[in-house]
Structures are given as structure tokens and as C-alpha cells.
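Novice: Required output: the full structure, derived from the provided sequences and hints.
2 protein chains.
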Amino acid sequence: MKMNDYIELVNKKLDEYMQIEYPEDIFKSMKYSVTLPGKRLRPVMCLESCRVFGGNYEEAIPTACAIEMLHAQTLIHDDLPCMDNDDFRRGKLSNHKVFGEANAVLAGDALLTFAPQTILKYSKLPSDILVKIFAEYFQAAGAYGVIAGQVVDIESENGKVSGDKTKILEYIHTHKTADLFKLSLRTGAIIAGATEEQISIITEFGQKLGVAFQIADDILDEISTFEEMGKTLGKDKASGKLTYVTLYGLEDAKHKLTCLLTDCCDIINKLNVESEVFKDIISGIEKRVSQ
Amino acid sequence: MKMNDYIELVNKKLDEYMQIEYPEDIFKSMKYSVTLPGKRLRPVMCLESCRVFGGNYEEAIPTACAIEMLHAQTLIHDDLPCMDNDDFRRGKLSNHKVFGEANAVLAGDALLTFAPQTILKYSKLPSDILVKIFAEYFQAAGAYGVIAGQVVDIESENGKVSGDKTKILEYIHTHKTADLFKLSLRTGAIIAGATEEQISIITEFGQKLGVAFQIADDILDEISTFEEMGKTLGKDKASGKLTYVTLYGLEDAKHKLTCLLTDCCDIINKLNVESEVFKDIISGIEKRVSQ
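Same order as they appear, the protein sequences are chains D and S. So that you can map any letter, position 129 of the first sequence is 129 in our numbering, and since no number is skipped, the others follow by simple counting. So that you can map any letter, position 117 of the second sequence is 117 in our numbering, and since no number is skipped, the others follow by simple counting.
Worth flagging that the hints you see were computed from the coordinates, not collected in a lab. All values reported here derive from a predicted model rather than from experimental measurement. Glycine included, C-beta positions come from ideal geometry on N, C-alpha and C. Heads up, a few of these hints could be off.
Label pairs and their calculated CB-CB ranges [claimed, not checked]:
hint, chain 1, residue 1, chain 2, residue 2, range
1, S, I20, D, Y122, 36 to 44 Å
2, S, T166, D, S275, 37 to 45 Å
3, D, E16, S, K287, 47 to 55 Å
4, D, S275, S, Y22, 49 to 57 Å
5, D, Y122, S, Q19, 29 to 37 Å
6, D, K160, S, T195, 22 to 30 Å
7, D, E196, S, T195, 37 to 45 Å
8, D, K165, S, S283, 27 to 35 Å
9, S, D164, D, S127, 40 to 48 Å
10, D, E196, S, D164, 55 to 63 Å
11, D, G100, S, T195, 27 to 35 Å
12, D, E276, S, K167, 50 to 58 Å
13, S, Y22, D, E276, 26 to 34 Å
14, S, G159, D, Y122, 34 to 42 Å
Specialist: Here is the structure:
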């Protein structure tokens, strides 16, 4: 499978899994954010991880789509007025600008359980594998995962965090971004029946790729435009937010990004698997900031 | 076990399960709302349901506590300014009044996965039972459960719902309240290894008890005081909210409540189980409105 085949498949399945039921407003609101145009990086990583470890990627489709739903959940709540207060996301109005704040809060809540429910409904995986996948999902979605990252991110913005800024930034990037990358790769590997060692290596790949992705995002916030990114930019600098660019400057950020992406290539080589898709993802991140 | 023994046990376990980890603000915020003084009706029902169907209630403790966490999650988000905008809950300040709105949104989000994570961490149940419990949890917590109820409740308040008001009200009460009662009773029964028929009967009990509980709440909103209830009252009437009392008047509401509680007693008798605790819960609801 090529990158675009996976993306097309994920988009088709997301549309199929997310029927508009009663009460319509909540299902429409959930579907609106999940199906906004996007690169579908996380589900693609899940499917490809399953494939490279010898699994049938079709068995990972519900899990891959569930992770995209979880990702959309985090974006809906991050955009709320009481959080990052963003009116735009992926070039379209944020969920709360279309459906109202109450609905946006509830749509996010609903996605958090709709996602694993989708895995239950459409996966034909045995119970012990399902339990392993849920364990990964709960860990990444909650107070030990993306939420930990978001909390420390907000606190750093409010000047409420003291200590080593490098470590704090690494913590934020790890949890806000890398945790969902790792979730995608690990669940794909688990479905494929990968060994502990393989899972450990692909986790390292997800960690480095996630941090690289976030550094690229920090760089783009500095150098890109609204039209290119589809969301409000330049906010990091304006708000004094802790990012790789505000901490080390643009050049060091670019250097760090290159190092991480090189490490990512090395890990894929070490795994001794053929994956055009993983290479495409790595070079895609590189290209985003070098335009 | 008596009612108070269960409550004491649940409070002890909630305190034990909810350690304050890093980042502290989020764990403190989660624990604050979960451990606010309460009747612990839902966890008690879960434990008692397990016991009456021949199970060991101790095996149901993590699940019982997880449902209390889920209940707290719904209260935190319901109290938000963009929802019911309540400053008080259980006689104390609402979560967002203490920890801020962003943290309150995130604490609710975190509880939604922390709860099943608690089941995973502390239950020694086999995978197939765990999967069944998670299926029940996702169904009750999400867009087919409490959230459906909350959405239609908000829409009814905004005059956005048309159709048979009796049916709409039944829908709201069923999903906002009865769904978590049923979740508690059903998961307790599942852990005990109850038969399909037993689970079906206890579900009917939960449905009627849940609606009865909500009607009692509607009555109390009309006749009680802040001191007695620990939250802002009289808001239903002021906001033109659809409740049993605003729809049928106080006397009809009281009559309906009596009928439902009689049905609940009959169901317990039909099950042919000895349960002081279920009887205490039924008479407790009766007493709340007859003072």
C-alpha cells in the first residue's frame, strides 16, 4: 500500500463508521471534526506498523480510525475558548465556532468512548488483544498521555512551571504529540503479533518522529502563513509559549529536526523492514519546513 | 454488607486509586470532584448487584469506583459555564471554580479514560469479562448514553426540540440518569456471572429507579433549599427547562415517583433475592421528597 491508498481507505472508513444518528447535533459535530481534511498520519502509521510486522493491515483499520477520532477529540477541546481559543482548524472553523461550546465539549467527550467502541464493533480481534489495545489507548488518551502534555503546556504558557526548560519542553512534546504516534505504531504492531523487541524499537521511532513533528510545527508557527497551515499562526511567540523555536531559535530548531529525522531513518533501517510509507512520512516532515 | 459499609469501602478505595501524580494539577482536580461527599449510589448498586447474583462483591470494587469517576466526569462538564453554569456541586465549589475552566475540561476528559484504566489495573477479571464491561462502559458514557441525554436536555432548554414532550423527557431521564444506574447494575451482574434473564430484569430495575431518582431531583429543585441540596436550585423553573414538574406539576410528579418506586420493589421481589441495600436505596429516594 502507498501513502495515498491508506489515506483514501481511512477516509472511506471514517465516513462509514460515523453515521449520523439521534441526537443528530452531537454525531454531526463529532463527524465534522474527525473528517476535516488532514494527513491522517496517525492511522496511516498504525496500518503500516501492522503491515511491516507481518500483520494484515485490514485487521488494524478500526483501531487506526479510532486513533484519528481520539486525535480529533484533542483538537476540539484544545481549540475551546478556555484553552487555546482557536477559531480555525485545518483551514475550517473550529468545532465550537460551528456547533457552539457546549456541543464541542460534549462531542470531544463522546469521541473518547466512541473511538474504542468503534474498535469493539468492527474489529474481529480476540479479547486478550482487545484488552491490550484498550490499555494502550487509555494510557495515551488520558492524564498519563496527551492530557499531561496539554496541562503542562498551558501551565508553561501561564509561567506556572519552574525548572529545566529543556526537560519541560521535552515532556510537553512527548505527551502532546509523540504519545499518539507511539499509540498508533504500538497498536498496529500488537495487532500484527510483533515481538516485545520490535514493539520497543517502533516505540522509539514514534517518540523521535513525534518530537520531530512537533518541532516542525513550532518552526512553521514562526515561518508559515495562515493559508499554508489552515490555522492561526504566530501565536506561540506572541503568547511567550515554550516551544523549540522560542527556546533555542530557528536555526537550532532546524538542526535538531534534521538529527531526529536521521535517527528515524536509522531505526527503520535497523528494523530491516521495507517501508516506503515510513520514509514518505519522514521526508514529508522534512519538506514541510524546507519550502 | 450494609449501605454504609459499602459507602465507606468505596470512599477508601477511591482515595487509594487516585494518587496525586505529576502533573499534580490535573490529578488534584480529578480527585477533588470524585471525592466530594456523595451518596455513592452507583458504586453501591454495582457492588450489591454483584453480591445478589452470587458474586464476590470485592471483585467488582474497581468497576464500582470507575463508575463513580465517570459520574464525577459528567458533573464536572455539566457544571461548566458553557453548559449548566453551576458554581456549586455537593455543597462545594464546582471544579472549574477551583481549578479553572481549562483544567476542568481536561480533568473530565482524563476521568473518562482513568476510570476504565482503574478497572484494568485493579481487577483480576479475565479478558472476555473485561471486554464486556468496557462495552457497557463505552455505551453508557458516550453519545448513546449520558451524552445523548445531556445534548437533548440542552436542546430542550433552548427550545430546539419539537415533538412529544413526554417522550423527550423520558429520553432525557433515561440517558442522563438511568443509563449510569443500569451500567452499575449490569456490570455488577456480569462480574457475578448472572444469566441473561437476570441481567435483563436488573436492567429494568435500573431504568425505573433512574427515572424515579431524576423525578425526585426535579421535585427537589422545586421544593428544596440550597442548604439541603448543596447546589443552586430553582433554576429549572427559571430557565423553562423540561422536567417532570414543569410538564405535569408537583402532584403528578409525586404520584409518578410513587408508582415507579413500587415497581422497583416488585422487581426486587420477582428476582427473589434478599437485599436490604436495594430496599434502602428505594426508600431513600422516597424519603428525599417527603420531608
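Novice: Can you give the numbers of the hints that this structure goes against, from lowest to highest?
Specialist: As far as the earlier hints go, 2, 4, 6, 8, 11, 13 are violated by this structure, in ascending order.
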